[in-house]
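Engineer: Residue numbers (the working numbering), protein chains in the order written: chain A, 1 to 175; chain B, 176 to 337.
Hints in this document: simulated from the structure, not taken from any laboratory.
Errors might be hidden in some of the hints.
[Unchecked claim] With beta-carbon atoms standing in for the labels, derived distance ranges:
| # | chain 1 | residue 1 | chain 2 | residue 2 | range |
| --- | --- | --- | --- | --- | --- |
| 1 | A | 63 | B | 232 | 24 to 30 Å |
| 2 | B | 327 | A | 59 | 50 to 56 Å |
| 3 | B | 207 | A | 142 | 16 to 22 Å |
| 4 | A | 59 | B | 230 | 27 to 33 Å |
| 5 | A | 67 | B | 315 | 23 to 29 Å |
| 6 | A | 87 | B | 247 | 42 to 48 Å |
| 7 | A | 130 | B | 307 | 41 to 47 Å |
| 8 | B | 315 | A | 47 | 52 to 58 Å |
| 9 | A | 45 | B | 248 | 25 to 31 Å |
[Claimed, not checked] Residues of chain A clear of chain B, computed beta-carbon distances all greater than 12 Å:
| # | residue |
| --- | --- |
| 10 | 26 |
| 11 | 27 |
| 12 | 30 |
| 13 | 31 |
| 14 | 32 |
| 15 | 33 |
| 16 | 34 |
| 17 | 53 |
| 18 | 57 |
| 19 | 58 |
| 20 | 97 |
| 21 | 104 |
| 22 | 124 |
Beta carbons are placed, not taken as given, at the ideal position from N, Cα and C, and that holds for glycine.
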Amino acid sequence: MSRFLKTALAIAAVSAIAAPAMAQTSATQSTTASATIVQPITLTKNSDLAFGTVVKPTSGTNTITINETSGSRTLTGAGDAALATSTSSRAAFSVGGEGGQTFSITVPSTATMTRSGGSETLTANLVKTAASGTLSGSIGSAGTASFGVGGNFDVSSTTVSGAYSGSFNTVVAYN
Amino acid sequence: MAYLRTLSVVAGSALALACAAALPARAESASTDAAAHADVSERGGIQTTGQVIFQDIAVVPNVTIAPSIDSTSNSQIVVLGQGGDAVSLAVPDAIDMINSNSGRTYLVVTNADGSYALPILQGTLSSEGLLSVTVGGSLQIAAGTLEPGQYRGVMIVVANYN
């Protein structure tokens, strides 16, 4: 037996001894891959928060409120202010996105309104109809929702008359 | 293995770039700005200075009285409110003066000056505005029908913001 043949036989012998120790030569496991694709969420402003025209009191303080749900305007407080005939509205928003999905609504607690032509400010407390919402329909189709923002601010005899305006940012996000 | 490491690094970089590009879009949230505004007006009011006063009319038997007598003192009506704002001002066209003793009445036809036709409160926004209107009147008396006495009437003027 040549030297080469002896080496080959030795390798074969080792292989023959090792093979019986392998219980199985392969194994499988099934894994699920999943993904949910949803439409991007959109937010559209339909109307601004308009308190209208308020005649300031000669004494005392009054609070002017725009209801966040109905948009109605009311006057409270011990002053003798008056609501002049004018257009008022709550801020109204429409939300679009994937049906059936819930989302959060973020609105700042206050909005600062500055007098046109001046530096005086009025602080409006903002009130939203809900902290969260659910888009209509079910997943796989487009859904819509809506919500509103109202608010209130105080006016006194020392409030400088004029046109006040400001802005606030509203954010909606999928939960 | 060196080749595989290179591929892995390149793939990782591509993923990072993709994420960086996608972040600004963030389709899971949306935001918008809304305006908040309010108009605050000065308190409105009406002040009256003076009254519409007619001159004394002497009743002399068998003397014909002038058919029309204008007031010798006009009423100054001042409307207060938001400067620059237009108001609706209503002055009655006529009022009755009555003799409290006899109950006899006379009709006074009123008249007002030019400010009444263009009721704008003079002044700037954020300050109190004024509108002054002068109101007088004329009295028609038929000859020989005047009853002696003092006659008084009330004129109600209404101002509203438009």
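Engineer: State for each hint whether it applies.
Structural biologist: Checked hints:
A hinted range of 24 to 30 Å for the beta carbons of residue 63(A) and residue 232(B) is inconsistent with their spacing of about 56 Å. For residue 327(B) paired with residue 59(A), a C-beta distance near 33 Å fails the hint of 50 to 56 Å. Between residue 207(B) and residue 142(A) the CB atoms are about 19 Å apart, so this pair conforms to the stated range of 16 to 22 Å. For residue 59(A) and residue 230(B), the Cβ-Cβ distance of about 42 Å falls outside the hinted range of 27 to 33 Å, so the restraint is violated.
Evaluation of the 23 to 29 Å hint for residue 67(A) and residue 315(B) yields a failure: the beta carbon distance comes to about 55 Å. Taking the beta carbon of each, residue 87(A) and residue 247(B) are about 47 Å apart, inside 42 to 48 Å as hinted. In this structure the supplied range 41 to 47 Å is violated for residue 130(A) paired with residue 307(B), their Cβ-Cβ distance being about 53 Å. Separation of residue 315(B) from residue 47(A) is about 56 Å and conforms to the stated range, judged on CB atoms against 52 to 58 Å.
A C-beta distance of roughly 58 Å is found between residue 45(A) and residue 248(B), which places it outside the suggested range of 25 to 31 Å. With 12 Å as the threshold on Cβ separation, the claim that residue 26(A) sits away from chain B holds: the shortest Cβ distance comes to roughly 23 Å. With a least beta-carbon separation of about 24 Å from chain B, residue 27(A) lies farther than 12 Å from that chain, consistent with its non-interface assignment. Non-interface status of residue 30(A) relative to chain B is upheld: no Cβ of that chain comes within 12 Å, the nearest being about 26 Å off.
No beta-carbon of chain B is positioned within 12 Å of the beta-carbon of residue 31(A); the least distance is around 21 Å. Residue placement check: residue 32(A) keeps its beta carbon more than 12 Å from all beta carbons of chain B (closest about 23 Å). Listed as a non-interface residue, residue 33(A) keeps its Cβ farther than 12 Å from every Cβ of chain B; the least gap is roughly 17 Å. Residue-level check passed: residue 34(A) sits 18 Å from the nearest beta carbon of chain B, beyond 12 Å.
Distance check on residue 53(A): its Cβ comes as close as 4 Å (rounded) to a Cβ of chain B, failing to clear the 12 Å threshold; non-interface status is violated. Taking the minimum C-beta to C-beta distance to chain B, about 7 Å, the non-interface status of residue 57(A) is violated against the 12 Å cut. The claim that residue 58(A) lies off the interface is violated: its Cβ sits roughly 5 Å from the closest Cβ of chain B, which falls inside the 12 Å cut-off. Against the 12 Å criterion, residue 97(A) falls within the reach of chain B, whose nearest CB is about 8 Å from its own CB.
Not every CB of chain B is more than 12 Å from the CB of residue 104(A) (nearest about 9 Å), against its label as outside the interface. The claim that residue 124(A) lies off the interface is violated: its Cβ sits roughly 5 Å from the closest Cβ of chain B, which falls inside the 12 Å cut-off.
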